[in-house]
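Each protein sequence line maps, in turn, to chains A, B, C and D. Read left to right, the first sequence gives residues 310 to 1296 (my numbering). Read left to right, the second sequence gives residues 935 to 1026 (my numbering). Read left to right, the third sequence gives residues 57 to 240 (my numbering). Read left to right, the fourth sequence gives residues 34 to 449 (my numbering).
No lab work stands behind these hints: they were computed from the structure. Heads up, the beta-carbon is just placed ideally off N, CA and C, and yes, glycines get one too. Heads up, a few of these hints could be off.
[Stated by the list, open to error] With a cut-off of at most 20 angstroms between alpha-carbon atoms, the simulated DMTMM-like pairs for lysine to aspartate or glutamate come out as follows:
| hint | chain 1 | residue 1 | chain 2 | residue 2 |
| --- | --- | --- | --- | --- |
| 1 | A | K1185 | B | E1025 |
| 2 | A | K1179 | B | D957 |
| 3 | D | K97 | A | E873 |
| 4 | A | K578 | C | D68 |
| 5 | A | K447 | D | D195 |
| 6 | D | K186 | A | E1224 |
| 7 | D | K299 | A | E873 |
| 8 | A | K590 | A | D666 |
| 9 | A | K914 | C | D68 |
| 10 | C | K76 | C | E219 |
| 11 | A | K913 | C | D233 |
| 12 | D | K282 | B | D957 |
| 13 | D | K97 | A | D543 |
| 14 | A | K687 | A | E1212 |
| 15 | A | K447 | D | E181 |
| 16 | A | K913 | C | E219 |
| 17 | A | K578 | C | E240 |
| 18 | A | K1209 | A | E1224 |
| 19 | D | K282 | B | E1010 |
| 20 | A | K1223 | A | E1276 |
| 21 | A | K447 | D | D319 |
| 22 | A | K1211 | A | E873 |
| 23 | D | K187 | A | E1276 |
| 24 | D | K299 | A | E936 |
| 25 | C | K76 | C | E240 |
| 26 | D | K130 | A | E446 |
[Stated by the list, open to error] Here are a few chain A residues that sit away from chain D, every Cβ distance over 12 angstroms (derived from the structure):
| hint | residue |
| --- | --- |
| 27 | G415 |
| 28 | G458 |
| 29 | S656 |
| 30 | Y702 |
| 31 | G728 |
| 32 | V732 |
| 33 | E837 |
| 34 | L924 |
| 35 | V1052 |
| 36 | E1080 |
| 37 | E1143 |
| 38 | T1156 |
| 39 | V1164 |
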Amino acid sequence: MSAYRLSSGGLVDRSKVLSFTFDGRPLRGLAGDTLASALLANDQLLVGRSFKYHRPRGIVSAGPSEPNALVTLGSGARSDPNTKATVAELYSGLTAKSQNRWPSLGFDVGAVNGLLSPFLGAGFYYKTFMWPRQLWEKLYEPVIRRAAGLGRAVLERDPESYEKSWAFCDLLVVGGGPAGLMAALTAGRAGLRVILADEDFRLGGSLLSETETIDGSPASAFADRVAAELRSLDNVTLLSRTTVFGWYDDNVFGAVERVQKHVAEPSAKLPTERVWRIAAKRALLATGAEERPLVFGGNDRPGVMMGGAIGTYAERYGVSAGKSVAIFTSGSSGYRTARGLAARGMSVSTIVDSRPDAVDAAPDGVRVVRSGSIIDTKGSKRLSGIVVERSGYEELIACDALGMSGGWSPVIHLACQRGGRPVWSEDLKAFAAPDVGGGLRVIGAANGVYTLSGCLRDGAGKAAAIAEELGFHAAEAPLPVIDAEVEPSFAALWYVPGAKSKAFVDFQNDVHAKDLGLALREGFGHVEHAKRYTTSGMATDQGKLSNINAVGILAGMRGVSPAEVGTTTFRPFYTPVSFGALAGTSRDTHATPTRKSPLHEWAKKNGATFVDSGLWFRSAWFPRGGEKTWRESVDREVLNVRANVGICDVSTLGKIEVFGVDAAEFLNRLYCNPMLKLPVGKARYGLMLREDGFVFDDGTVSRLADDHFFVTTTTAMAGAVMSHMEYCAQALWPDLKVRFCSVSDQWAQMAIAGPKARDVLQQLLDEDISETAFPFLSARATALRGGINARLFRISFSGELAFELAVPAGYGEAVADQIMEAGRAHDICAYGVEALNVLRLEKGLLTHAEFDGRVTPDDAGLGRMFSAQKPDFIGKHLSARYGLTAADRMQLVGLKLVDKDKEKDMRAGAHLLKEGMKPSTLNDQGWVSSAGYSPVLGQHIALAFLKSGRERYGEKIVVWDRLRDHEVTAEVCDPVFVGSENTKLKA
Amino acid sequence: MASLITCPHCGVRPKEEFAIRGDASLVRPAPSASDEAWHDYVYVRANPRGRTVEHWHHVAGCRRFLVVERDTVTHEVYSVVDAAAAVRGAER
Amino acid sequence: MVRDYNNRHALDQKLRGTPKPANADHLEVSHWQAIATVLAHAGLDAAVERALSSTPDLSLRYCGPGEWLVVSHVDTPVGLMRRLDMLCGTQAHVVDQSDGRVLLRLSGPSARTILAKGIGVDLHPAAFAHGGSTNVLCGHIAVNLMASGADVFELIVARSFAESLFDDLMAMGRQFDISSAFSE
Amino acid sequence: MRYSAFSIVRNALSGNLNWRPQWRQPQPKSHYDVIIVGGGGHGLATAYYLAKEFGVKNVAVLEKGYLGSGNVGRNTTIVRSNYMLPGNEPFYEFSMKLWEGLEQDLNYNVMLSQRGVIMLYHSDGQRDAYVRRGNAMWMEGVSAELIEREQLKKMIPFLNYDHARYPILGGLLQRRAGTARHDAVAWGYARGADQHGVDIIEHCEVTGIRRENGVVTGVETSRGFIGCGKLALAAAGNSSRVGEMADLKLPLESHVLQAFVTEGLKPCIDHVIVYGGGHFYISQSDKGGLVFGAEIDGYSSYAQRGNLATAEHVMEEGVSMIPGLSRVRVLRAWGGVMDMSMDGSPIIDRTSIDNLYLNCGWCYGGFKATPASGYCFAHLIARNDTHPVARALRLDRFARGYAVDEAGAGPQPNLH
């Protein structure tokens, strides 16, 4: 055993030795150690450097409030920077590295900042580095940035996995110390569904470092007994290694469970961390109390620790923090710590008590200095002595560890995360939890109850009351018997006067008492201003140790009570939570769900290249042998559709069945064009507006029966349109008898387009689909030969003779295969969305590239669809506003390149300028929405929005793409490039 | 609110099952109403600090629009009713 | 041309191949069943529900007011539509969803723990009773969930999401060595 | 007291005891020429420019809490002028230019860091939309670059190029854009305004607006009545409440937007990166924390706190864009209450009351707009005339049909 490991005691397993490294040095610890306790046992007290002055810093605490002992665990893609050694569970093979030092922890060049500290006071950077201006970016900021941060994030792909889970319970108990355990036991026995969450890897909280006995045996044995009983209850869930990090509306709590952070080789079956969202009918906060550090000269010297932490290291881990310990206290807790250490055989030399009239009993042989102050400390990388001042006399007392105890603050963070402000309690000399209603109650030390028996009673009592409220009955059970205990008391001591060196308030951010003075002098006396100006409380520990002292010091300087100063706001997260845990499984290709068309496999076997379209994959083009670029494939597909026939998967379009006696009336109010008199068996193109008059979506409406319509939407807007219809039907016109059902997934739908489309399709159907029997815009249910139910529509998005055929999704692939087979003699080809885009572009048909949410029907050249005759429809009234009808609005036009050189192109996103005009926002004439090469026309064409565009056909205009240094001249033309306007929607 | 909403049709549900549409106190004007009435309906919001009614769409549940009456400061929910029922109630 | 059309299941790619033994926690994908949406006419919710729930071989899944998914393991899709039309054709609109929905059955001692990783609804038997059903979000995907047995849950999902949901469920169950297969 | 390296050295040598308050704590006077309601970035900037540029020096800024306690103290500190619409771009570019001279102008280092803002695109359609935006920027003389995938890989190697749900194809970069230290902006303007004689009155809540014969005569406050010649509202987040005191009905909803910061890290992210596969933006502060945010929570709220579901969604997007963020720990989440307007753009205008002026509706854009908002508002107040770059941002644009809808989402505030 090492020099600092006590020869006996502690809840560590002395038979299980664990090897680990710190800064490359091989060390050994024991099962049950934290990294911090193992480091202390190995005489590795110095673990880090502070943020600003790079001062050597040692372990201060034994828990999550640790400001100093931050290390990087692991390496490469498994690095965890800024890990608190005080909560990191030791495992065999752990590697830890110190941070924020160069070249080494022992010798850190950055420590020179300490010498410059008079110039680096709070907020100094706001006052300088302004001249010359150029130097900020080039010199000052890079230097400041290099000094930033503590640990290093490698930003490599994390090989581990994460997950989330929901949990519901009657009672959530946060914290597994005496109060929490007793509460969980009481509620568990009464039959409540209980969840007990505790951040430690061993249940028991303060019981694990308690020197008192319960029912005659060690407190830790009591904890083990309760934990065992809780484990045996089906209605109780124990979540250890689980930190409740946030309290949200409706009594929902966020918690993170470190499932595998304590193993060297994580199992692939388990997540590394799991985030729990716990919906609790009631919750009890049993998070204990935090001992306060004292603010005195040299209080950051390694070896100066929280008194309770020294006790915990001795009692729980069997580690001695020093060979000769001194205590600096403002209350009885320091004496208690001293008694515990002495009982463990450690040498306690002196108790310095700030109070003049304390009556607490010191262990035998320990000197007590009453009315004493520590004004400085000695030593370099470890404490060697303290300078004690009493009645004007100074004395140097040798010691290598100092425990400080400035009283206690209840840990009430969670209770204050939903807007409740902490309440100053003169009794507790601390901020206590506000009354936040019945959902969350505070018990034990978090409630200001500082005796063990009091904590047990508080936990049992409040849990029993909750059981009654929820209709359960908690049987009276005798409370465990504790040996005689004293109610702790202390005097508030925010700042120890007479400091001969820096007296730190916030250790990690290097904020010392004088910084707060400076802040106050400069007008930053409000607690929020002081925090922001000095950065006190903004470090990774969020001021768990420092905030209360900062408040006290500000109060003292301002001559008011801490109540008047108040606190800064408590916000999630109680302790930092990894991105990975909060993201869970949603990452990489699983970031969102993926939707696949029923024709996905069909497209795949036909060689499709896929492209994302929202959640969907859509086939983009179908390359064939010898085609080197996507353009070659797309050109071929387009020409083949125009000359022969093609088949395209359009299953991703939204498909909605609309039923009801008022269905026609409903759709008539929904679309801007008339729908009331659409005949059964007919389809119509429809345009839907938002209430502000701009185009919302377009699609087709087919009437299958008097009271039954079939509506299609664009792929992108399918969900939004369905929601919009539901809104209109439920919230606007609930008296209309209309119902909807999305059948987007039920039907595989394919477009068969091209002059030979009918010849191909007729082979699959007995029904006559000739021009007379099934003219343009016909729509009806039919059946394929072989008996498959189908729906057939004579609609076109390509300007060619075209049908859309829908069959039940499972049959999609087989039917598409048959169409390909039937079409072979007609040179059928599969075409994708790229060819579809060119085909529609040649016809001046629009998509979301045009309908960008700022376009009116008239802008898009569809003004004739706007039915002024209809009494009312969504978007009608506000369409009449001046701005939507002004003559200088941008209108859809076509653009043809003046220079028909095949190599020259236009690109979407370019803007338009009059020839000879200088580019400026004022001179901006419009923009190109879609562009492509038309293999039919043998040139590049584009759709654009141009100011008063329809009056400007024939005008030459500059297509200006400064972003890509590309500029060509085009002629403004009708947007229908192939065929004429009146054939736009016809076959 | 913001964590759980009790849907009158589906029971207690997490926030992510819902899409929020906005102020539920507005009444769509008659077609013949004034420009100002239409402007106010589409563009003006009372935006109260305190009690408010808002349309929440239970997208991943029953797909009903709900009127959620709640407090914009405390986030306390006072009631959740079906939107159609709320309209009919208001008409009566 | 004589047609013989194969119906391809949405999870064909995932599940085709040699069968593997079913573990304690098992995800079974139903290969054949008929599913329809039933939308009651205004005011007839109760009548429709009565008509449907009293019919043998039909399993009713609640979606929302006056809306159910009806599952039949004995009817063909066309047969189910015919039956429903007879049962409630004058009281409700009926829509075939047999090809548009995929039914997955999760069973085993850890079924609740697995589902809790994606579903924000209390699945404790006291809160979500045997026979209960509802639309719910599982991860990012909307599904209809039914407690169809003591430790058995059925999920009905839109076909296009089926692969994603399947992958999610398998990931959620990996801790318990979940297995998967088409039902016989 | 002028700030400089020299002043720091001189003060250090005298124990840093001679620094003076950066702004006074005056008692309110009975009357001011102009009262500005709201001691956030915009209100303070307005006061500063009123006094400095427009010679209106008898000005008070009334703040109900502590100075800078609103959104200037809780945002993701991004400064940029990469807008698309002609109603927005000139305004935000005017702001960008003011930012570039702000530190010298204020004699206060607000740590403007022009590290570049890059917005990623993941599809051809998104690229086209960014090209349209980039060209709109160039029309206004603002440089923008289209960075394609291979170049982007060299520039920002740690993005999710190989496993992303939506492939990262490239980005639109504005090099002049970046970040600024948010609190310092409020303090710098406060100090500047104070030096020009403006009274900044903290902890003074406006409880009513007194009107006589159709004009405002002053405000009732928690510290008594204060008279004024002109009243200017700059209380974004609470604009509706303040407006209500003057019977103004506004096209606004208040929404909560969460932002987050991680533990301090050594420099690893050099740009402001905006994800296009969702809505997520991240940068690293000079202190080392990664500062990031995403979309609003979606419901109207005056509570400065968000919900967990949104926070989780934000993390999903972050890890999707930068897989290596997975093990970085998030330190703190906070919520700002914003005015979401009906078209996603702000409002700077007169009102139906002659001497009442309105500045609101900043949506996601408030911080970056601070200098231009202050300047244009001061221009409007002092001259009763809209500044040229703010002409599209008038209140009557909705009634007239000239919404400035950058997102194309229509009149539903939570979609902007």
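Hints, one by one, checked against the model:
no.: 1; hint: A:K1185 x B:E1025; verdict: violated (24 angstroms)
no.: 2; hint: A:K1179 x B:D957; verdict: violated (27 angstroms)
no.: 3; hint: D:K97 x A:E873; verdict: holds (17 angstroms)
no.: 4; hint: A:K578 x C:D68; verdict: violated (25 angstroms)
no.: 5; hint: A:K447 x D:D195; verdict: violated (33 angstroms)
no.: 6; hint: D:K186 x A:E1224; verdict: violated (38 angstroms)
no.: 7; hint: D:K299 x A:E873; verdict: violated (37 angstroms)
no.: 8; hint: A:K590 x A:D666; verdict: violated (47 angstroms)
no.: 9; hint: A:K914 x C:D68; verdict: holds (15 angstroms)
no.: 10; hint: C:K76 x C:E219; verdict: holds (19 angstroms)
no.: 11; hint: A:K913 x C:D233; verdict: violated (31 angstroms)
no.: 12; hint: D:K282 x B:D957; verdict: holds (14 angstroms)
no.: 13; hint: D:K97 x A:D543; verdict: violated (53 angstroms)
no.: 14; hint: A:K687 x A:E1212; verdict: violated (79 angstroms)
no.: 15; hint: A:K447 x D:E181; verdict: violated (26 angstroms)
no.: 16; hint: A:K913 x C:E219; verdict: holds (16 angstroms)
no.: 17; hint: A:K578 x C:E240; verdict: violated (28 angstroms)
no.: 18; hint: A:K1209 x A:E1224; verdict: holds (18 angstroms)
no.: 19; hint: D:K282 x B:E1010; verdict: violated (25 angstroms)
no.: 20; hint: A:K1223 x A:E1276; verdict: holds (12 angstroms)
no.: 21; hint: A:K447 x D:D319; verdict: holds (14 angstroms)
no.: 22; hint: A:K1211 x A:E873; verdict: violated (77 angstroms)
no.: 23; hint: D:K187 x A:E1276; verdict: violated (28 angstroms)
no.: 24; hint: D:K299 x A:E936; verdict: violated (49 angstroms)
no.: 25; hint: C:K76 x C:E240; verdict: holds (12 angstroms)
no.: 26; hint: D:K130 x A:E446; verdict: holds (16 angstroms)
no.: 27; hint: G415; verdict: holds (20 angstroms)
no.: 28; hint: G458; verdict: violated (3 angstroms)
no.: 29; hint: S656; verdict: holds (37 angstroms)
no.: 30; hint: Y702; verdict: holds (26 angstroms)
no.: 31; hint: G728; verdict: violated (6 angstroms)
no.: 32; hint: V732; verdict: holds (19 angstroms)
no.: 33; hint: E837; verdict: violated (6 angstroms)
no.: 34; hint: L924; verdict: violated (9 angstroms)
no.: 35; hint: V1052; verdict: holds (26 angstroms)
no.: 36; hint: E1080; verdict: holds (36 angstroms)
no.: 37; hint: E1143; verdict: violated (9 angstroms)
no.: 38; hint: T1156; verdict: violated (9 angstroms)
no.: 39; hint: V1164; verdict: violated (9 angstroms)
Of the numbered hints given earlier, the model fails hints 1, 2, 4, 5, 6, 7, 8, 11, 13, 14, 15, 17, 19, 22, 23, 24, 28, 31, 33, 34, 37, 38, 39; all others are met.
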